[in-house]
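As they're listed, the protein sequences go chains F and D. Take 1 as the starting number for the first sequence in my numbering and just add one per residue. Take 1 as the starting number for the second sequence in my numbering and just add one per residue.
Think of the hints as simulated: they come from the structure by calculation, not from any bench. No residue lacks a Cβ here, since even glycine has one placed at the ideal position from N, Cα and C. Hints are supplied without guarantee of correctness; some may be wrong.
[Stated by the list, open to error] For the chain D half of the interface with chain F, some residues (derived, Cβ under 7 Å), not all of them:
{"hint": "1", "residue": "I20"}
{"hint": "2", "residue": "R38"}
{"hint": "3", "residue": "L39"}
{"hint": "4", "residue": "I148"}
{"hint": "5", "residue": "L152"}
{"hint": "6", "residue": "Q202"}
{"hint": "7", "residue": "M206"}
{"hint": "8", "residue": "N211"}
{"hint": "9", "residue": "G214"}
{"hint": "10", "residue": "R228"}
{"hint": "11", "residue": "I229"}
{"hint": "12", "residue": "L231"}
{"hint": "13", "residue": "Q232"}
{"hint": "14", "residue": "S289"}
[Claimed, not checked] Here are some chain D residues the structure puts well away from chain F; computed CB gaps all over 12 Å:
{"hint": "15", "residue": "S81"}
{"hint": "16", "residue": "D215"}
{"hint": "17", "residue": "N249"}
{"hint": "18", "residue": "P315"}
{"hint": "19", "residue": "A318"}
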Amino acid sequence: MVNVCRARALLLTGCNSEMWYSTWYRAVGEMLVIVNRAMTALDRLLVLLTALTILLLVLWIAWQPKGSRAVVLLDNQIVRHLSLAEDSLTELVGHLGMVKIQVTEGRIRLLEYDSPRMIGSKTGWIQNRGAVLACIPCGILIRIDGAAENKADDMQWDGVAR
Amino acid sequence: MNSTYRLYILPVLVALLLLIALYLDLLPRSNTVQSDTRLAMGTLVTISVWGVPQVKAEQAMQKAFMHIARLEEVLAWQRPSSEVRKINQDSRGTWLPVSEELAKLVELGLRVTELSHGAFSVGLQPLTALWGFSSDQPRSEPPPPAMIAAWLAAYPALQAVQLRKNHDGAYQIKLQNDSVGLDLGAVGKGYAIDQAIAVLQQEGVMNAIINAGGDLRVIGSKGAQPWRIGLQNPREPEHIVSQSLLRGNVAMMTSGDYERYFIFEGKRYHHILDPVTGYPAQSGLSSVSVQGQNASLINGLSTALFVLGAKEGMPLLAAVPGSEALLIDLDGQRVQSKGFVVDWLQQ
Numbered sequence: 001m002v003n004v005c006r007a008r009a010l011l012l013t014g015c016n017s018e019m020w021y022s023t024w025y026r027a028v029g030e031m032l033v034i035v036n037r038a039m040t041a042l043d044r045l046l047v048l049l050t051a052l053t054i055l056l057l058v059l060w061i062a063w064q065p066k067g068s069r070a071v072v073l074l075d076n077q078i079v080r081h082l083s084l085a086e087d088s089l090t091e092l093v094g095h096l097g098m099v100k101i102q103v104t105e106g107r108i109r110l111l112e113y114d115s116p117r118m119i120g121s122k123t124g125w126i127q128n129r130g131a132v133l134a135c136i137p138c139g140i141l142i143r144i145d146g147a148a149e150n151k152a153d154d155m156q157w158d159g160v161a162r
Numbered sequence: 001m002n003s004t005y006r007l008y009i010l011p012v013l014v015a016l017l018l019l020i021a022l023y024l025d026l027l028p029r030s031n032t033v034q035s036d037t038r039l040a041m042g043t044l045v046t047i048s049v050w051g052v053p054q055v056k057a058e059q060a061m062q063k064a065f066m067h068i069a070r071l072e073e074v075l076a077w078q079r080p081s082s083e084v085r086k087i088n089q090d091s092r093g094t095w096l097p098v099s100e101e102l103a104k105l106v107e108l109g110l111r112v113t114e115l116s117h118g119a120f121s122v123g124l125q126p127l128t129a130l131w132g133f134s135s136d137q138p139r140s141e142p143p144p145p146a147m148i149a150a151w152l153a154a155y156p157a158l159q160a161v162q163l164r165k166n167h168d169g170a171y172q173i174k175l176q177n178d179s180v181g182l183d184l185g186a187v188g189k190g191y192a193i194d195q196a197i198a199v200l201q202q203e204g205v206m207n208a209i210i211n212a213g214g215d216l217r218v219i220g221s222k223g224a225q226p227w228r229i230g231l232q233n234p235r236e237p238e239h240i241v242s243q244s245l246l247r248g249n250v251a252m253m254t255s256g257d258y259e260r261y262f263i264f265e266g267k268r269y270h271h272i273l274d275p276v277t278g279y280p281a282q283s284g285l286s287s288v289s290v291q292g293q294n295a296s297l298i299n300g301l302s303t304a305l306f307v308l309g310a311k312e313g314m315p316l317l318a319a320v321p322g323s324e325a326l327l328i329d330l331d332g333q334r335v336q337s338k339g340f341v342v343d344w345l346q347q
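Looking at chain F on its own, in the form it has when it is part of the complex (with noise of 0.2 Å):
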């Protein structure tokens, strides 16, 4: 009956739901004693270090928060990496002279430099995965660390023409 049932099951016929569950269960059962009769104490030991490596992967991903560093390129090489998680007042020399780079509560910004248009200031606080921020004269890019990855189906722009 149990394996008439079981394949019942697999197809979604038949049964009712609480015969169904009861198989389902019954089997999950089974197949948990097989495998445990199967195993040596090297394969208990290959779970338990998979366990404990899936473990530390969540808790890993858990803890490192999105954008918490931002990389800063001069003339598109990296000469900076910054915490975001740390408060911090960065100098740097560009092409127009001395650039500062302020880091509060986890965003970042160009906090004062001569420029003429200043359109590095202007753009303020960045703080997201992939967001850009420059001061093209200064040849000065900063940008969250982390491939600016949008989903297919997102509604932001993929370009702004202008």
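Place chain D on chain F using the hints.
Quick look at chain D alone, frame taken from chain F:
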């Protein structure tokens, strides 16, 4: 029996790890848009690709950026070692050797010059330098009228830049006099975009967008969806006035009076210079966007249309098959050709 089950343990665990990694977004995927941004050609250049694994996408984008950087070294008159700079520093009125790559771009620019009856020129470098819009320290007031008048008196209009191909296939260029210097800014960005797209395609990327400071070209799509392009309001930069859903092979180049400009005594002076007057074009337009397949060509076309204005510009547009345009005047009124792909957004 036991050994049979043992065989399954490892694959099941590996599959479990992979599933978790996928869930946590750790594995490279191909159904996302992957982007990279660099400084190039005096602006921010963003390359976005879709449909290829992350490693391949990064390699392709890197090669495309390297190609843009190489072109900049050839084409930018501001670069000390560029071929254009060397030609500009050489003597006038004599034929000078020029590389085939540069010659073909100049040839394209001369075609737009001819079609626009001189409303567009690739020989305006001295005038551009006089106005200083490309300078790191741009002017806040116009240059003295006498200087512009002197330039205008010397500028040889349609004869400013001449190009020829010798019997041996080598190209030569002649800049007529000191009022002439090569400035390929109005076609160079489009050319760099076209070339970078070609690099991406050689690398197996068939779905991409390259956006160089608001001038862009797309190929392919994002899976079932087109690339979604917004158009900036000429007078309110933070607002998008329309969307263009582009797929396949379409470039969209925009010329406007709002990118590089200054206001002096209540009047706006922008970077799109009219070779006929020596002053920023006063055609009544604030923005011109052109769509077509060849970014280099429509790059020049958008500038020429801006200088000519709506009335004189539309016949020029008709002379370039496959190009479509949207013109926005100073009051925000729009004129567009029939095939321009655009949906207007509610304001």
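Hints and how they fare:
no.: 1; hint: I20; result: 6 Å, holds
no.: 2; hint: R38; result: 5 Å, holds
no.: 3; hint: L39; result: 5 Å, holds
no.: 4; hint: I148; result: 22 Å, violated
no.: 5; hint: L152; result: 27 Å, violated
no.: 6; hint: Q202; result: 22 Å, violated
no.: 7; hint: M206; result: 15 Å, violated
no.: 8; hint: N211; result: 4 Å, holds
no.: 9; hint: G214; result: 3 Å, holds
no.: 10; hint: R228; result: 5 Å, holds
no.: 11; hint: I229; result: 5 Å, holds
no.: 12; hint: L231; result: 5 Å, holds
no.: 13; hint: Q232; result: 4 Å, holds
no.: 14; hint: S289; result: 6 Å, holds
no.: 15; hint: S81; result: 15 Å, holds
no.: 16; hint: D215; result: 7 Å, violated
no.: 17; hint: N249; result: 15 Å, holds
no.: 18; hint: P315; result: 24 Å, holds
no.: 19; hint: A318; result: 22 Å, holds
In terms of the numbered hints stated before, the structure departs from hints 4, 5, 6, 7 and 16, listed from lowest to highest.
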